[in-house]
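Asker: From the two separate chains plus the hints, produce the assembled complex.
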Amino acid sequence: MSNLSFQHSVSVFLLWLVQASLLCAQHRTERTADAAAPDSLRYLNEVIVSGRRLARDVVPAQTLSGKALQRLSAHSVADAIRYFAGVQIKDYGGVGGLKTVNIRSLGTHHVGVFYDGVQLGNAQNGQIDLGRFSLDNMEAVSLYNGQKSGALQPARDFASANTVYLTSRKPVFDGNKRDNFAATFKTGSFDLMNPSAMWERRWSSRISSAANAEYMYTSGKYKFRYAKKDGYDTTEVRRNGDVGMLRTEATLFGTLRNGDWRAKAYGYHSERGYPGAAVREEPGRFVHQDRQWDDNLFVQTSLRKQFSPFYGLLLNGKYAYDYLHYRSDPRLDVSTMYVENRYRQQEAYVSAAHEFTLSGWWNVSAASDFQYNTLAADLTDFVYPTRYTLLTAAATSLHVAAWSVQASVLHTCVNDDTRTASSAAGGKSAFTPTLAASYKPWRATDFSIRTFYKRIFRLPTFNDLYYTFIGNKQLKPEYTTQYNAGAAYSHHFKTGALQRLDVQADVYYNEVENKIVAMPTDNQFRWTMLNFGYVEIRGIDASVHAQWQAGAVHAGTRAAYTYQRAQDFTLPADAWYGGQIPYIPRHSGAATISGEYKRWTLHYSFIYTGERYDSRANIAENYFQPWYTHDAAASWRVKLYGTMIKITTEINNIFNQSYEVVRRYPMPGANVKLIIHATL
Amino acid sequence: MIKQTFFTFAAALSLAACRTDEPPLLPTTTAVAGSGGGAVQGFYLLNEGNMGSNKASLDYFDYATGVYSKNIFPSRNPHVANELGDVGNDIRIYGGKLYAVVNCSHLVEVMDVRTAVHIAAVSVPNCRYAAFHEGYAYVSSYAGPVQIDPNARLGYVAKIDTATLRVVDTCVVGYQPEEMAVRGNTLYVANSGGYRAPAYDRTVSVIDLATFAEIKKIDVGVNLHRMKKDSDGNLWVSSRGDYYGVPSSLYVIDAADRVAKRLPLAASNMALAGDSLYIYSTEWDYAANEQTVTYAIVNTKTQSIASHHFITDGTAQRIAVPYGIAVNPDTREIFITDAKDYVTPGTLYCFSPAGALRWEVVAGDIPAHIVFHHKNF
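Heads up: the protein sequence lines correspond to chains L and Z, in order.
Here my numbering is used: position 106 in the first sequence is 106, and no number is missing along the way.
Here my numbering is used: position 315 in the second sequence is 995, and no number is missing along the way.
No wet-lab data here; the hints were simulated from the structure.
You may find that some hints are simply not true.
Stated by the list, open to error - Now the stretches of chain Z that chain L is said to cover, found in silico as 3 or more residues with beta-carbon under 8 Å:
1. 700-706
2. 731-741
3. 761-771
4. 801-813
5. 821-833
Unchecked claim - A few chain Z positions that, by computed beta-carbon distances, are all more than 12 Å from chain L:
6. V720
7. I895
8. H989
As the list claims (entries may be wrong) - Some but not every residue of chain Z turned toward chain L, in silico, with C-beta under 7 Å:
9. S755
10. P758
11. H786
12. T972
13. P1025
Owing to the predicted nature of the structure, the values given are computational and were not obtained by experimental measurement.
Cβ atoms here follow ideal geometry from the backbone N, Cα and C, with glycine treated the same way.
This is chain Z alone, in the form it adopts within the complex (with noise of 0.2 Å):
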């Protein structure tokens, strides 16, 4: 009885031995409360998805229809092999062509703006943002040439054509580069140093488009990341710290290159949105084991602290991890995403600009970074 039971059991699974592969996933479709964004239509979401996961993902929220579709990458592009990849670091808009630079997929994936359908994947080792200037893409990545101490590795920053979507080019700067900002003809590139803690680099380096190569290098902070020019053509340029004794700040880098000043106020992500820069910070002391969040806006024509917190219903006190941040730049309506515990679905929220909830939605997991889709595409 017991040889029949398994003979049949077994019999029965070896027919259905060859397992049929899946379709694509089809995206999750929301309908929120948002409606009336001014001069955006919409906005596309990246969403990071766990270091090894592959799950970075893409959404989209449609101001027209208040529909917020999650995941709108595989259905998408079904021949992607393997989809959008592993940790989407930073997504852009330019020419209309939409940028995802995918960390630890090494490339960055070049879409339709409009349709989100795949053009091209552009090669670049450990890519980490983008930024643009007159056809031109500049990806700052880690992976420069290894020198004699492979511990003393410099990165670079990678020039597309965004016409033939190639590197044309390439730029040694320093150590673990991340966010660019362009003024004039020139290219500012926060180093971070993040691979050599705790000897983390303290300078932006500053490249000469015309040329394309490092001119000098400005000595700012420990461990920088994040950078937005003003409508003064300020830099504003955040410090990490060192995650003990040193706090994470904000710098001006001012017109004649030199660190005009530091806001002692933690800074993990910020925005920009006219002189208004919004900014929220998490931080992690490892002494005594506790993360504190904090929000903030900035004055950038005074380059003083004009508000400590933007939510002002309440909402705050649900962000566990604060992880993105945008202003819809017509609208002021603050979008910030939950990043939660990293493994589970993060959420984004939606406030109106006077800082009061307007819609939630769920997200992919470790949303983090906005493009704002403007109607004239």
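Bound conformation, chain L alone (with noise of 0.2 Å):
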């Protein structure tokens, strides 16, 4: 049976799937009580639990989860990775703005961001927008430079230079509770009302559900300065900034004989205006209307089942629909073209993924994944793009003595179809290789070394090949290429205040070669895309965390250090060649420290952001300032008539600091949030 799944383990897609429902009648022993546990339980104590063989993660990996999540003063996750190490968020500034993360400095294209196991796509742009994705029913956040080890995996996750996972919470009961109802009410600044509620049920002991819907409106509107020494000080209100936004969720979660499935819907519509850059302007005469209108729609299903203690596979499929209408009008601002655009896009995602262990020390994995994707759009002369992904990965694990290796290989094979004909770009075919090992030097220290390379690539997307006027579609994908060293050590105390201590530390290099940028043509306003740039990322990641307690307090403290430096080498003949790429600061860095004591909890962050420059130009002109914010909740809770409540109450920006990450886009400055939570 081995051989005969060996043979096909590089055959297509379908394939898969025929031997693994052949698999799936032959092999139906038991498996070990703690195999194949889904991936969102290792997540539920804030402590790392490892997965079922290694220690730990063989490639850096950091975790966010459980209270420690909830405690941030963090609206969204773009919010909460602002906390991890080697991370750059850009954000655009209030609740609506769009916020992308960009990981050791290789653009946020290289970023794959998985929601529930499956990855979220967006062909037309590449870009997910993490300000969308609330906290609110989020169990964990986890970020994986390179790619998440685990051996059962779908292709698409080797398939991103670095990896962003969002686990959304899984039902719990406690005792013999059949229903879990929670109801979370948040206001504040910017005139923001956010109710969500949540209902879980457990229907029989195989099968639980869990609902949730979350509304949220602010009307983006705040204070924003912008002052000059002995000069000009200007204050001004941020306009057309609001939101007005609606998710709901069901997911279905079930058990099998050593195994488990789980089925999701999830729909999003958004209403929201772009504030635009705040520029020179005669205040107060443009009221800048460009609004957007997004719905978000998918369906996706999972499982997962140990058919032997030899034979393991999960399977993923999804289909998302997702609608974009933008408009900008002249009838409500004199100074702006007209513009109305609907977007439509349409992606179907299978995968199946295989894993055989042929000893304990040994296994390898093969996965097949197949994707669609599609694009249209109402613009001039637009070509409707269709795009075929077929994405098949191979990877093994062997763990010798203290010596944990892991390889693997990826394939790629992609064919874009347009309507409009020969407009398509030409097909893609490559192999990309990952090699990681980690090395613990004694049995009894939690301390390990790791080592990572990796190459991989990003296509261009719909927009970059075949946005009318724009587009190219001659571009090539993106290579970047990733060399990491690191360290890791944890350790339990038995005695004293400090109970746990992990620390990690990552030096890397990075390459980025063929980076897609927008290049001007022959005036402002006609840009194209070109395969023009070559950066070279040298960084350190660090990281500490640390859990105490002493007599009835219970604390936590984290500390994240980044150091970058990317420099762009793309034309040695530049007057700019080696400056610092846009928006990287050499330093930055976040702490936060929260402590517990009977009914109290306080929680305090501080983010810094170090000096940077918008243009690899690193002159006066291009410069920025350092920024650093200071964020404080307390919250305090009381049971009431068997209903758990809590009220948090949060400071942010407390010292009001007038800052951009954005070259114009302003960023909020003190404001407060009142959260009511109850759950029964």
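Answerer: Dropping the structure here:
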């Protein structure tokens, strides 16, 4: 049986499905008790619970979960990710502003974002707005440099330079409880109104469900200030930053003998305004009225089963529909050009992953994914592209003595089709490897050193290739190469206030080749996309996490530090050759401290982003001062008639610092939030 | 220990929580080998700055000292909020005042021509170019009245009294009007229709300045942009083409308002000195995915191409994206700017009348528009 499987391990996707069902019929042996635990369970505790074989991940990984995640004064996933090392968030400000993550300076497009195990796609522009994912029902947010080192994972998990995993809450029922209810109401600055409700039910010993809905409105109005020493000092109000959003989500969870499954339906609807860049203008004259409507719907399902100690299977499927409507109306603001466009994206995705445990120290896995993407838009001369992607991954893990080694290779096969003849970009077929190893020198000490190498590319997006007037179908993929070396140490202390300490640090060297950039053609209004750019990044990520206890006081502290030297080496003749790339500080960091005493929880967090430039020309005109914000929160909880009620107040940007993350997109000053949370 | 370190770190930084405001940027001065401007004292160069960056900036070159001062506006105008603004699109001198048309800040910044000190900002939404005649400034704008179809929106020309610096009248013209020229008591406006691709405008609007009303439209060619009046009173109008099948070309409108000639010569920008029209072209071909840069001099008397290159020493190879062009009216020194990738500072090149490089200097982002400052001011 195993030989048969191996022979076909690189065959096409449909064959896998057939084999899977054959295997399914023939292997129904009992699993070991701890085998095939769903990923989400690993994160239920704040302490990292390891996968079943590895003491820790071979690649650098950072996780925020459970209470630690909920305590952050964070509105969205983007706010939470700022506490990780090696991360820069590009934030256009406010609750509704676009927030994308850039890991280790490779660029937003090189981050794969997965929601409950399935990647969130955006074939149109390749960007995932993490500001749209609320932490309301999130159990864990994890970041992996390179790729997650799980053996049983879809091929898409191998296909990004860095990955972020969002894991929604999985129902847990105390004792004989059949239902869990929770309701939350948040309000505060920017006219925020954010109610949400959640219901979880256990239908039988094998099936449970979770449903939740969240509504959010904010006017997005806030004051911002621009001033010069002994010069002007102007305070203006940000307009047209309002967002109305409704998210609904329902998930069925099932357990099987030696496995589990889940099926999820997700709907997101929003309307938002774009405040635009805050440039010099006659104050108050121009209203900035650009608006965008989004509908994102998806259904996804996943099944995992360990058929025998030898063989495990993971199936995933997804269908997504994304609708985007953008309007800029000169009837509302005289200065603007009329734009009214609608974009409709569809994605269908199926994946089968197989894991073969050949012995206690050796396993191999293979996965094959097929993905279909299409984009329709009412743009002039739009070509209506469709993309077919076939991903095949093969991986192996070895655990010999103190060594753990993982090797994988991904094959990507892509073909684009367009409705307009001969407008499609050429096909692409490529193999890309990853190699990771860790070494644990002492049996009794939880210390390991680790290293990885990964080479992967990102494909040009539909916008890069086909956007009318801008797209360039001759674009090549943008490649990244990563080299990483680091160490991790954990210790449980039996005595003293310090109970647990986790320390990790990594140094890395990355290259980005054939960077896809927008380049002007002959005037400001006409740009095109080109493969132009080569960047080298040298960096250090370090983080420390400690848990403390003294009497009835429990405390947790975290700190992360990031150093990045990310230089543009595209043209030796360029005057700015070797300049630090835009928006990457050399130094940045974050720290949090939280304490719990009886009914009280206090939380404080600090974020620092060092000086940086918004152009590779590192000159005074392009300079930004460092910014740093202090946030604090306090909560108090009480049990009333069987209902647990928690009241939290937050003050963010306590010292009211005026700062920008992106040039001319001012961030909010001091702001407050009140949260009332009830669980039954 | 960790806890202590953390507290020390946080405490140290919270002390510094009140960041101090930065002083206005000072100019960067560079001594270049320039001298001998003739009747010209110097010139202002307006850098556009990339859209949304608020990085429009003003440079000044002084022939007497040979010093190029980059980014002079913030230090001379520390009380003008948000500096010069977003996308500097045109610069002119008229009656002792310097006018900078700041497109995406929707205003015309009026300064003292000797000092570049702010006098007033005249609000004109989506303003593009300026022309002057008998005490009035005429500013073209894309932001005409909105009709029932918001996609069919005409532009207009604002008439500004240069004594009071107020808009006194407006005149609706074609779609997305660009450069203008005054001939007699008539204003000619090149209409582009750039917002309406592929349904570009093809006309030049003719405005009677006595009544400030559009009296007719002349059908010329697609996507019109530049306009210069030669010594014979002929108007030279450039068409950008449609970037696909129709190439950029150059038209001549004669004294009788007829399209007298079409030169099959691509023209992105042009400068007139005497009877020579200096032209460069950067044509992007979306089908072939390549940019073609060409240079030419047209003799306006013979209305024919006099030369296919005016940079003679090979420097043209180094200019990635020529963006601005100017010729010293007295000495015939030629200035060309290179906008490069739009997001890093560009370069200004100065050539001798014979086309040999005299000097070069780093300018602001997207150096684009040059106006000569004569000694009689």
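Asker: Which of the listed hints are broken here?
Answerer: As far as the earlier hints go, 9, 12 are violated by this structure, in ascending order.
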